[in-house]
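Q: Read off the chains here:
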Amino acid sequence: MTAREQEYRELFMAEALEYYESMSRHLSELERTPDDVPALNELFRLMHNLKSNARAMGHTAIGEVAHSLETVFGLIRDRERAFAGPLVAVVFTGLDELGAMIRAVGADQPLPDAAALLDNLARVARGDEPVLPAPAPADAEAPAEEDARKLELSDLVYIQVRKLDKLLNLVGELVIDRDRILTLAEEIGHPALQATARHLFRISDDLQYSVMDVRLVGVGVLLNKFPRVVRDVATAEGKEVELSLGGQDVQIDRNVLQIMTDALLHLVRNGVSHGLEAPAEREAAGKPRVGQLRLLALTERDDVLIEVADDGPGIDTEAVRRKAVERGLATAELAATLDEQAVWAFLFEPGFSTAAQVTDISGRGVGLDVVKRALDSLGGQLRIASVLGQGTSFTLVLPTSIAVKGALLVELDGRPYAVPLLHTDTVLALRPDEFSVVGGLLLAHVQGQAVPVVPLRELLHAEGTEALPAADKTLLQGPQQVLVVNYNHRRLGLLVDQFLRQQNIVVKALSKPLDAIDLFGGVTLLGSGQVCLVLDVPALTRLFVARRA
Amino acid sequence: MADSVLSPLGGRAAPPAPEATVQLIVFQLAGEDYGIRIEQVREVTITPEVARMPKTPAFIKGIVNLRGDIIAVIDLEERFGLVKTARPLPERSYTVAVEAADYTIGLAVREVPRPLRIPAAAIEAAPEFLQDSGQRERYLEGIAKLPDGSVIIVLDMRKLLTATEILRLPN
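In the order they appear, the protein sequences are chains A and B. Counting in UniProt numbering, the first sequence runs from 1 upward without gaps. Counting in UniProt numbering, the second sequence runs from 1 upward without gaps.
It is possible that some hints are incorrect.
Unchecked claim - Computed, partial: chain A to chain B, Cβ under 7 Å:
{"#": "1", "residue": "R79"}
{"#": "2", "residue": "L167"}
{"#": "3", "residue": "L170"}
{"#": "4", "residue": "L174"}
{"#": "5", "residue": "E458"}
{"#": "6", "residue": "H461"}
{"#": "7", "residue": "K512"}
{"#": "8", "residue": "I517"}
{"#": "9", "residue": "L519"}
{"#": "10", "residue": "V523"}
{"#": "11", "residue": "L526"}
{"#": "12", "residue": "S528"}
Keep in mind that the hints were calculated from the coordinates and are not lab data. Idealized CB from N, CA, C, for every residue including glycine.
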């Protein structure tokens with residue numbers, strides 16, 4: 001049995017035992033007040049869930065008993081049978097036997113034979129007299145099977161995500177202090193202290209990964225909600241869609257998934273309503289009537305990818321290019337030079353997606369900026385692939401966990417700043433004569449591409465809404481350190497004083513009232529105890545675009 | 001109960017018990033004594049290393065690491081306009097960490113703050129006209145008169161620490 005199968009079995013056991021206990025409680029209530037409708041409804045619901053779970057896990061015998069009991073509860077609910085007389089004894093026996101069967105599954109033992117029980121359940125369902133064992137029904141309610149019926153606690157604990165969040169925050173603090181202690185131990189140079197600090201390092205590392213592991217869920221918990229969504233949208237839009245799901249077992253932090261829920265909902269709805277043609281249109285284009293929509297999760301190094309792909313008309317790149325110019329997102333000259341990736345990136349700009357006619361032209365666009373915002377908040381990336389006439393795929397690149405981020409530390413005016421690696425492209429040291437100034441903009445030439453460069457200092461200290469000062473090459477003295485960052489297919493060079501190092505950081509959110517300043521994604525503490533601001537590359541890029549001279 | 005007794009306007013409705021006292025943390029701003037109720041204060045500490053935060057008004061001196069919490073430190077003398085120009089904090093200063101509903105903020109002061117217990121009745125409501133007049137007066141709870149004739153200006157941090165108020169620039 002694989003670890004995954006083992007985990008599923010444990011989950012089944014925990015849920016089944018919980019259902020069993022709830023049902024025992026509700027059944028006792030029903031016995032006291034036979035017309036207790038809520039208790040009856042709850043019994044029916046729980047039994048139905050147990051039946052589905054048991055069948056899904058291949059425990060057909062449990063499924064059979066649960067099915068028969070569900071039938072009896074249904075008859076009682078519909079007032080065709082009364083919860084009275086010999087039926088009560090049969091139902092109680094049935095539930096006890098169901099409990100014994102669940103425990104047998106847990107103990108890996110053969111399941112008890114339920115033929116007699118099933119026969120009796122069928123009898124009461126038909127309204128016939130059940131065949132009861134020798135003791136009178138009154139005795140059945142007495143605790144006759146004391147030894148067989150043990151009290152058991154589940155092996156699983158349900159826990160609120162809020163508590164896990166707190167645990168993760170505490171581990172984050174611990175990791176920061178650990179780094180501080182390690183630095184101090186090196187400074188003091190005491191061998192025993194150093195050894196202890198290294199041990200502390202390993203333990204807290206383990207602890208951190210254990211806590212991160214606890215928060216992981218299968219992407220399936222979200223993906224499995226989509227067949228219904230797709231069906232509803234397809235029905236409303238008169239589309240025929242076949243949805244295929246894959247990679248439900250891929251593990252991801254629960255909160256990362258939570259943050260992406262709306263974004264994924266948008267992408268899937270869009271995929272059906274705009275990404276796929278109407279059946280007649282598809283047939284006219286020589287495609288099968290039924291459109292294909294694929295939702296696939298997979299892992300790539302430390303990242304989780306979720307892909308939403310359709311076999312629709314694809315993105316009309318030229319239409320998007322024209323629209324971007326009309327919307328003022330780019331000048332006609334600039335737009336003409338952009339490659340298709342850069343053009344597609346416009347689809348996710350806030351100003352772009354709200355226009356209804358865009359959807360008609362490009363087949364894309366409603367609310368896609370929601371996707372970009374959610375990705376930005378996680379430091380994720382978006383990949384787009386599209387072939388005209390054949391289809392489009394959007395791939396969300398997500399961090400597995402939100403706790404730790406790789407970052408490059410840079411120094412400016414004697415203070416460290418962290419830039420998440422997800423947004424860094426390359427670092428360069430350039431002589432002043434390697435820059436050029438075009439239209440007041442400082443440009444560096446990176447891999448054959450002209451990349452605008454701005455002193456980070458100017459971006460951080462730009463006041464009000466004035467344009468940044470025009471670039472002046474003569475102000476550059478000596479070699480310049482350029483950090484090229486990348487956001488939404490836009491590259492931007494930031495002039496910094498020096499590069500410090502690369503390291504994993506634990507990002508803490510800025511507390512009020514400073515959280516209103518969007519240039520910073522948060523703050524981290526370095527091993528030296530120094531406070532280090534984490535730069536938000538999307539916000540810096542937006543600021544640069546808005547203020548460039 | 002303490003709140004109703006000490007409410008500056010609640011004199012007649014809930015007469016203070018004779019032994020009711022208030023504990024304040026008292027510090028100096030521009031040579032005058034100011035107090036904050038101790039229940040609004042989380043701790044008093046020597047100001048840790050301050051990291052200047054770009055894009056913030058000058059009276060926000062920056063952010064500090066206070067036992068793992070990152071909090072903003074502000075200079076109330078500048079915030080209240082008690083000094084004409086912004087200036088850096090001295091080599092050694094003290095931070096009074098005060099708690100708002102959902103965050104903590106540090107007030108940097110130049111002299112060591114001290115605790116002081118005074119009778120609740122010693123705090124008089126600030127006159128109405130004062131409350132409307134200036135920066136500082138907007139956040140007053142009242143003025144405490146001490147037996148030796150000195151006065152302490154008692155600030156109500158809950159009024160100051162709303163997120164919009166704290167970032168407001170001095171006039």
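Q: Mind listing which of the numbered hints don't hold for this structure, in increasing order?
A: 1, 2, 3, 4, 5, 11 and 12
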